[in-house]
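**Student:** Line by line, the protein sequences are chains D and C.
Per the working numbering, residue 2 is the first one in the first sequence, and the count goes up by one each step.
Per the working numbering, residue -5 is the first one in the second sequence, and the count goes up by one each step.
Be a bit skeptical, because a hint or two may be false.
In silico EDC-like links for lysine to aspartate or glutamate, alpha-carbon gap of 16 Å or less [to be verified]:
(1) K28(C) to D363(C)
(2) K28(C) to E319(C)
(3) K49(C) to E35(D)
(4) K49(C) to D34(D)
(5) K243(D) to E88(D)
(6) K14(C) to D363(C)
(7) K14(C) to D156(C)
(8) K350(C) to D370(C)
(9) K171(D) to D273(C)
Listed below are several chain D residues computed to face chain C (Cβ distance under 10 Å; list not exhaustive) [claimed, not checked]:
(10) P29
(11) M37
(12) D120
(13) S138
(14) E140
(15) G160
(16) L179
(17) L213
(18) A229
(19) D230
(20) L237
(21) H240
(22) R256
Derived by calculation from the structure, the hints in this document are not laboratory data.
The beta carbon of each residue, even a glycine, is placed where N, CA and C say it ideally should be.
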Amino acid sequence: MTTRETILNRLRSELRRPDLPFPLGNTPPLTSDERMTVTAASGTLWELAERFGAELTALHGTYEIVGTPTEARLALINRLLTWREEERAAYRGPKPQTGQEDQVLGWADEALPVPGIADALADLGIEVIAPAALYSSEERDAVRFIRYGVTGVQAAFAGTGSMLMVAGPKTSRAASLLPLRHIALIPFSRLYPAIEDWLAAERNAGTLTSVLRANANVTLITGPSKSADIEMNLTLGVHGPKFVHAILFEDDVER
Amino acid sequence: MSVDIHAPYKERVDTALHDKHLRIALDRATSRMKTQRADAMAAIDGERLRTQVRKMKSYVLRNLPDLLETLESNLTANGAHVHWAADGEEADRIILDIARQANVQKAVKAKSMTSEEIHLNGVLQQAGIKVVETDLGEYIIQLADEPPSHIIAPVIHKRIEDISQVFQRELDMPPTMDPSAMTGAARQILRREFLSADLGISGCNFAIAETGTICIVTNEGNGRMVSSMPRVYIAVMGIEKLVPTVEDAFLQYQALCRSATGQQCSVYLSMTSGPRRADHPDGPEEFHVVLMDNGRLNMLARGYGEALMCVRCGACLNACPVYREIGGHAYGSTYSGPIGAVISPLLNTDVTDADKLPHASSLCGACRDACPVKIDLPRLLLNERADQVAEGDTAWFDRQAIRAFADTMKSPGRYAAAASFARTGSNLLAGMSGGNITFMPPPFSAWTQSRDFPPFAKKSFRRQWRERQERRKRIGNEGQRSKIED
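Bound conformation, chain D alone (with noise of 0.2 Å):
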């Protein structure tokens, strides 16, 4: 008999003793009529983003929340460029030459939720890179000096500040992963109140196991990197972004 085969047996076995303290014979499953909210949130999408906004801000993140797509677009050239000026500005003496200093690792610009950010940037002199590829050691590091990171998002929940990410060809792990600093665009559509919220919407509509089976990767995120692990003093960006900055913006997309 094979390991599996003993071990689930033996389960059965175990469960099918009448004298069995526990667990007790019936248990029901939790329902979704049951199943609490955790962290409630409600409103209208202005007033949901805003609540977004005060949860990342507690946080250590940042944000800003605009009325159109075009200005989301100039919100994230203002914020890379204040942010370029940030770290010229901490470098004192000679600094090392990444040659990566004027680029940013990004989602590929038909993924993201603003359209021409990769032109807009590029007039700037700022190259996005969105690696098709980043298996070998010589495709990474041909990024893994990039300070900042722009990607959208899959969905975001205003309750908890947080920002649901799904890999996929055009969506890296790595730009919201590697870089110092995380612009994520926000487009209202995709904002819910709560995590439940999506949960049951993705759950109606039939696509919730989906969304987890198909793309191998499914991550949140709530705030920048953070550990606590030295006599509970919180440091920010321990392996992740330490600056996470979010750009919620009004749009015209139907949910």
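Fit chain C to the known structure of chain D by using the hints.
**Tutor:** For chain C alone, coordinates are given in the frame of chain D:
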């Protein structure tokens, strides 16, 4: 001075109790985590959340074989490889085989209690594979060559001063007390490791049966790194760590975060369902899941199934007055605190004096109140003690003492005499040490070696009661008299 986790139980506790630095570090951390958890649960209907998680986890346990099969078939359909291990040795062997076949030189690990349980690092290192712990706390204790001392805060036993010394000694870092500087140094070193490792290893906080998804919860991002950057990714998990649906996963996730650190959500929740698809720019080529028993079936069979609902949040450790005094290493096991005291004697692990662990509790119940699954830890600890007695596994002195106690209690005369003797004796001793009794003659010295003993009341309860009754009678008579006079 650090606690040798293989030393006898008494010695471990003794060393811990006399370690001033440990006490400071534990005090700083646990009181903060306790408050954070309480606040986070008070901000919502925490009671309802705990009830729901418990209901969901009870269902999981009752339907575990079916859910395991569902998980396995979905993982396989997603392109993952599923392995079954009866014990730690088999799990180690499976992981080593995968590593050898994939020609792995270096492995990066996210924090995993399950891998600690099976001593995986040593096994891989012996086979010539470099293993790098990447959780900041785990990295520090790997540098210091120590085991973790808390389920979610592995380096809780070290003060910042101690950590600074480790960084100076092991990484040639200039002396600093700035946590950001130390974190920055670790980020640089570990980033190189993430990008060059061939194998990523993690545990599993929960696995979703209906989709075949392994979920890991981290704040630093190392969980994302190990599950995304190396060619091969292995998740090793106990067979109990399942949830039926995606919705259940997010329910448990939020209960876990609020109970562990008081966060609404951890920074990252990484959900891996399979290897990367052919057209994805990143992600592992190979994805393996190791489902391990290692004593969990034994726990169920012996009546301790309730402990299999544990979500490993560490809330019971922070709540426990014993843990807060002695810290994690004194338990001598991967799992410390109340949950560790329950499961360590039942798991397949080589813990010195594991049978003593169920006694490392005052049964105050703070752990049960903190548990997000409402596991009745004091009851389970009592049951283990009862099992030990039933198996005749009690000290000669305990048996004699209980017999003497029973004899005394059966006769009022003998009881009064014994009480009078204890009263006089204890007050004499208390007078000598000024208040509480700090030493007693053998065999009672076993108690006073590690704790104080309060002296018996000067007047016994029986005597107080008698006097009170007499006083009442007197007052009653007087009252009646005054009524008549009115």
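**Student:** If a hint holds in the structure, say so; if it does not, say that too.
**Tutor:** These are the hints, each one checked on the structure:
{"no.": "1", "hint": "K28(C) to D363(C)", "verdict": "holds (12 Å)"}
{"no.": "2", "hint": "K28(C) to E319(C)", "verdict": "holds (15 Å)"}
{"no.": "3", "hint": "K49(C) to E35(D)", "verdict": "holds (11 Å)"}
{"no.": "4", "hint": "K49(C) to D34(D)", "verdict": "holds (14 Å)"}
{"no.": "5", "hint": "K243(D) to E88(D)", "verdict": "holds (13 Å)"}
{"no.": "6", "hint": "K14(C) to D363(C)", "verdict": "violated (29 Å)"}
{"no.": "7", "hint": "K14(C) to D156(C)", "verdict": "holds (13 Å)"}
{"no.": "8", "hint": "K350(C) to D370(C)", "verdict": "violated (19 Å)"}
{"no.": "9", "hint": "K171(D) to D273(C)", "verdict": "holds (9 Å)"}
{"no.": "10", "hint": "P29", "verdict": "holds (7 Å)"}
{"no.": "11", "hint": "M37", "verdict": "holds (6 Å)"}
{"no.": "12", "hint": "D120", "verdict": "violated (21 Å)"}
{"no.": "13", "hint": "S138", "verdict": "holds (7 Å)"}
{"no.": "14", "hint": "E140", "verdict": "holds (9 Å)"}
{"no.": "15", "hint": "G160", "verdict": "holds (8 Å)"}
{"no.": "16", "hint": "L179", "verdict": "holds (8 Å)"}
{"no.": "17", "hint": "L213", "verdict": "holds (4 Å)"}
{"no.": "18", "hint": "A229", "verdict": "holds (7 Å)"}
{"no.": "19", "hint": "D230", "verdict": "holds (4 Å)"}
{"no.": "20", "hint": "L237", "verdict": "holds (8 Å)"}
{"no.": "21", "hint": "H240", "verdict": "holds (4 Å)"}
{"no.": "22", "hint": "R256", "verdict": "violated (19 Å)"}
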